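Novice: Listed below are the residues making up each chain.
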Amino acid sequence: MAETTPKKKKKSEFAKLPGGDKLLLTIGYILLGLFVVAIILPMVYIILASFIDPITLQNSGLTFDFSKWTTTAYERVLENAQIWVGFKNALIYSVLFTVISVVVTLLAAYPMSRADFKGKGFFNTIFVITMFFGGGLIPTYLLISSLGMLDTIWAILLPGAFSVWNMIIARTYYMGVPRDLQEAAEIDGATEMIYFFKILLPVCTPIIATISMWQFVGMWNSYFDAMIYLNDAAKQPLQLVLRSILIQNQPEPGMVSDMQSTAARAQMAELLKYATIIISSLPLLIMYPFFQKYFDNGIMAGAVKG
Amino acid sequence: MKQNLPSDASGGKNSKMHNTGVYLKQHWQLYLIFMLPAFLLTIIFRYVPMGGIAMAFMEYNPIRGIFGSEWVGLEHFKRFLSSPDFLRYLSNTLKLSVYGLLWGFPVPILLAFLLNRILSKKTKQKIQLVLYMPNFISVIVLCGIVRILLSPTGMLNSLLGTQTNFMTMPSAFRTIYIASGIWQGAGWASIIYTAALSNASKELKEAAVIDGANIFQQIKAVEWPAIKDTVLIQFIMSVGNIMSVGFEKAYALQTDLNLNTSEIISTYVYKKGLVGGDYGFSTAVGLFNTVINVVLLISMNQIVKRMNEGKGI
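Order-wise, the sequence lines are chains U and A.
Numbering-wise, the first sequence is residues 1 to 306 according to my numbering.
Numbering-wise, the second sequence is residues 1 to 313 according to my numbering.
Worth double-checking, as some hints may not be accurate.
No farther apart than 27 Å at their CA atoms in a straight line, the calculated lysine-lysine pairs in the BS3-like style are these [said to hold, decoys possible]:
id	chain 1	residue 1	chain 2	residue 2
1	U	Lys16	A	Lys121
2	A	Lys228	A	Lys205
3	U	Lys22	A	Lys126
No lab work stands behind these hints, which were simulated from the structure alone.
Since the model is a prediction, treat every value here as computed from it, not as a measurement.
Please construct the entire structure, taking both the sequences and the accompanying hints into account.
Specialist: See the structure below:
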């Protein structure tokens, strides 16, 4: 009955509710609506402001007088080489990190998912301890330094590559794969490798997609490791370039150097922030709805174990 | 059902040692291909630095290295604990995370309850799309947006008709940090509760509705039991992370003028250690932070176990 009900029926369902519930739900929906507006409003503001002439923006704020609109901020940001270097590096780091991390994590999760794996308790203890205890910033930095990994891509890729949390989630997912599949593989004399790659992984695509997305987004959006391990400007990922523009108020040289007065330069630097925010956030915001269907699956798999 | 695995079946009568040998021979791939990469990464990048904790008890000299530096015992801890800044950094850290937890923890649960009561699937999906979106914005961009909106000529000031510079006000820092955290993370954090709620039995809920239960009664009887465990686990995890309040965001929201409230232990460790080169001292401060964190996590787990009939994590 409920499956085929069109909108009208739903409205009447709401109407059927007792008065107290109606009031409560209305308040709830209003709160939810306010939250949604609070999320959208700043974004819309930034988008609109990014097109407005810097002097007008500073003096009178947003305007819909389109003669005051300009795309100069976008041109300046897109013409800047350092932004593109940042994009390129971020893409390289994020892709490589995701591949390494997902491979290592998926592999380790397999023995941990098997009831007969000898040494499971030992490995489990070793791994779980690292979730709560570690050497801290300085010892880790000195290790990276003494391994000769400073200012190399490895300092970004390797230390965080194995994620215990993701391993637990993948393991839980593996354990949910029906045993019959595994037993059939064993009877056929298939080795672990064949079972893992040909039978197990193909049915685990939702969790692989989820973990990959987490790792990719995490690396794309992080700046701390790059800040402490990479000094060379040619190796900086996008977030570090953004940091100097958005947080340190230091636009890349060349973005504002043609402006005559200090005031004009400051106004342009301000406008550049808006355009930088839009340009840098667009790729992920466009991509993410395509991943949305995987979220629930993946996160639920993690929740089962707890 | 077949219980015996091949290794047990083939070596059932032999000694345990031999059994293990056979097992290893049959399953060497599990160790050398599946386990080794993760194991090596863990040992090198997680356990070797733990050895570096020794630096907390040394006057570490980069030239002499960890084996040549002089031991100073608890000197660094004494120096930190007796410095006038210690209490300020500790309370900044604790306040930021405890207030963050108190304000931030209930919001995703509330969102999940509300989403769960939206009847139209399409509307629900559209709202979710918006709610999750801020999660994909980076910390740097988030802080950039915050700085823009709160600047003296920003959106908030033009709405209020004022010209306050919120970023330089120590009293505004925590509010900014926590509110922007909810803005960015609450929607995303609600996923796990939404998923748990979708497991709540539909029949049970329909029965409750037919029995004339109002929303509070429905939540109490049907929805809360479905998400209770998830809420508990999330809560324990959050408490366990209380001292590891995010460096990245605090550092990106710091200005020279709001340090009074925005300097937390992790940013202090970074500045003292990596910027200032005081390795031994900042390792000690970092260790202090980690130990408090572990103690909090363990005691929290014990408390929850007691309240929850022996179930912890």
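Novice: State for each hint whether it applies.
Specialist: Against the structure, the hints:
{"no.": "1", "hint": "Lys16/U / Lys121/A", "in the structure": "holds, 20 Å"}
{"no.": "2", "hint": "Lys228/A / Lys205/A", "in the structure": "holds, 16 Å"}
{"no.": "3", "hint": "Lys22/U / Lys126/A", "in the structure": "holds, 23 Å"}
Hint check: no violations occur; every hint is consistent with the structure.
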